Amino acid sequence: MRPLTETETQTLFSKLAQYTGRSLNNLILPSGGDDNDRNVFRLHGSRVYFMRLSLANLATSIPRDNLLSLGTCIGKFTKTGKFRVAITALDVIAPHARYKVWILPKGEMSFMYGGNVVKAHVGRWSEDCPEHQGVIMYDMNDTPLGFGVSTRASNQLKQLSPTDIVVARQADIGEFLRSEDTLFTT
Amino acid sequence: MAPSKPSSKGKGGSAKGKSAPLSSATKVSKNKKNVKRPPPKEVKGKARTAPEQLKKKKKRVYTEEELDLPKLNTITPVGVVKPKGKKKGKTFVDDQEGMMTILAMVNAEQEGQIESKMMRARQLEEIREAKRKEAEARQAQKKSKLEDAKASIRQKRKRRSDGHDSAEPEPTSTGSKSKGKRKSVSFA
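Sequences listed follow chains A and B, in order.
Numbering of the first sequence is given in my numbering, commencing with residue 1 and proceeding in unit increments.
Numbering of the second sequence is given in my numbering, commencing with residue 1 and proceeding in unit increments.
Hints in this document: simulated from the structure, not taken from any laboratory.
This one's a predicted model, so the numbers in the text were calculated from it and none came from an experiment.
Treat the hints with care, since some could be wrong.
To be verified - Going by beta-carbon spacing under 10 Å, a handful of chain B positions derived as facing chain A:
1) Phe92
2) Met105
3) Glu109
4) Glu111
5) Ala121
Think of the CB as a built atom: it goes at the ideal place given N, C-alpha and C, for glycine as much as any other residue.
Construct all of the structure, not just a fragment, from the sequences and the given hints.
Next up, the structure:
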């Protein structure tokens, strides 16, 4: 388990910044005055974890092979150096979301079984959302369900037919059950 | 068998006798030679070392600066030079300030991208709107033209209906005329 290098940090932040606004700064800022209280990113294998610094320091006492995971898994680096955000990062990025899509109850199940979001299932949509932008999906009670990429800008939505895909799914909370076996394997 | 033995003995004795003085002579000569040999050896040694020494003298290492080579022709090209004394391996970003600067850069870049996306979307939307209006205008023009044509036809019909009595005999006469004309045109 080691800190990220500069390029890795940049890749990670640029990925997270697709879904979040400027409030992403709050992730790194210490909640209290103590420096041990601030949150840090740590790389273990190819996965990136987000945790308190005091917790990360404790990890040094565990052999690398014996350590499976620590803190919240944000995602993993691919072998080509790109970063892939995992569904486990939803709790970290959802409070700082920039663009949101609220899904109607009739569309929740199809989304949570891995389907894309069609226009008929969208209850509300953040204004001024450009196309190909990371969005976070919520149900109508503001519970985060997953995230994806918008296929159209929000001002083009009116011209679409009800069966047109408006958000391409990237991750949803159904994965916790669907890929339970592979979610935490290295 | 008997004569052969002494002969062999004699031969052997003579051989031994001959060999003894020879050996002594060789020993002496060897000693003498040994005494003589060292000088050539030394000469040879000097001869071997001399060119080496010369070579060593000739081997002077020039630094790259002394050679006055164009910079692109040097062993380590211009772009690849790594500063000496710098830490090898990865440089971690663990301090908060470093992370904040990277985050600020990334955020600025991201906002620029979003801004440009929105601008482009707006421009495309304007173009689309203009095209739509143009198409609508064309459609309306087409429709009005059609309406005009319809109206003109209706007016013609009305005129015909107004002059109904006079109109009836005419078509028959024109029809007969036209038939005659057609025949002449089609087969001539």
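Evaluation of the provided hints:
no.: 1; hint: Phe92; result: holds (4 Å)
no.: 2; hint: Met105; result: holds (8 Å)
no.: 3; hint: Glu109; result: holds (7 Å)
no.: 4; hint: Glu111; result: holds (8 Å)
no.: 5; hint: Ala121; result: holds (4 Å)
Violated hints are absent here; each numbered hint is respected by the structure.
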